[in-house]
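Build the full structure now, drawing on both the sequences and the hints.
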Amino acid sequence: DTAVSQTPKYLVTQMGNDKSIKCEQNLGHDTMYWYKQDSKKFLKIMFSYNNKELIINETVPNRFSPKSPDKAHLNLHINSLELGDSAVYFCASSQGPGGAGYGYTFGSGTRLTVV
Amino acid sequence: DAKTTQPTSMDCAEGRAANLPCNHSTISGNEYVYWYRQIHSQGPQYIIHGLKNNETNEMASLIITEDRKSSTLILPHATLRDTAVYYCIVRGLTTDSWGKLQFGAGTQVVVTP
Chain A
1 DTAVSQTPKY LVTQMGNDKS IKCEQNLGHD TMYWYKQDSK KFLKIMFSYN
51 NKELIINETV PNRFSPKSPD KAHLNLHINS LELGDSAVYF CASSQGPGGA
101 GYGYTFGSGT RLTVV
Chain B
1 DAKTTQPTSM DCAEGRAANL PCNHSTISGN EYVYWYRQIH SQGPQYIIHG
51 LKNNETNEMA SLIITEDRKS STLILPHATL RDTAVYYCIV RGLTTDSWGK
101 LQFGAGTQVV VTP
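Listed in order, the protein sequences are those of chains A and B.
The first sequence: position 61 = 61 (the numbering used here), numbered continuously.
The second sequence: position 75 = 75 (the numbering used here), numbered continuously.
No wet-lab data here; the hints were simulated from the structure.
Every residue, glycine too, gets a C-beta built ideally from N, C-alpha and C.
Take the hints with a grain of salt, since some may be wrong.
Stated by the list, open to error - Now the stretches of chain A that chain B is said to cover, found in silico as 3 or more residues with beta-carbon under 8 Å: (1) 9 to 17; (2) 36 to 45.
Unchecked claim - No more than 20 Å apart at the CA atoms, straight line, and that leaves these computed lysine-lysine pairs for PhoX-like: (3) B:K3 with A:K44; (4) B:K3 with A:K71; (5) B:K3 with A:K40; (6) A:K67 with B:K3; (7) A:K44 with B:K100; (8) A:K52 with A:K22; (9) A:K52 with B:K100.
Here it is in structure tokens:
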């Protein structure tokens, strides 16, 4: 059983399109995250939700909008895609926003390529 | 959260212990040391974390110096599957740090036969 699953695994789309990435966790965690890994391989936090409430919103363009219908799901919608949005997007979850004692569990990533 | 410094890369022979150093000289009293690794094309994987005492689990051991300014992750018997980028992260558990795992460049570890 996959603990944190993301779909799709690969996404190739044209500039200007709108796309969504879905994430689901079956660990019973109440906090979920979106991270972005750029071409230089640096991982950066984008958003975090705790029990469906947004608790972290880093300096991310408004074109990115997370949505958490329930605490097991955190989706990422991106409007008007740009070339610079090309990256690998990772979803993660933890038991509590601090993740103390348990660490974070990451999904396998969604490689987004904007052409 | 305090910054960390790690070597860019290191090689390790299969079957030998891999000792990965990390400097965190500005760590404060309530900050933990976390280690994650990222195998190529996969998401980061939690390895271990600690505050003051040395810690051991089924994956690795974490040795933290008495002054807590540095630590070492030990993979006791490296295998080819341990080839990955290893990240040392210092993070507090206050609300300011909630959720914010700050990944640096990490150490690329290559285990060779």
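Outcome of the hint check:
no. : hint              : in the structure
1   : 9 to 17           : violated (count 0)
2   : 36 to 45          : holds (count 5)
3   : B:K3 with A:K44   : 15 Å, holds
4   : B:K3 with A:K71   : 31 Å, violated
5   : B:K3 with A:K40   : 19 Å, holds
6   : A:K67 with B:K3   : 31 Å, violated
7   : A:K44 with B:K100 : 9 Å, holds
8   : A:K52 with A:K22  : 15 Å, holds
9   : A:K52 with B:K100 : 17 Å, holds
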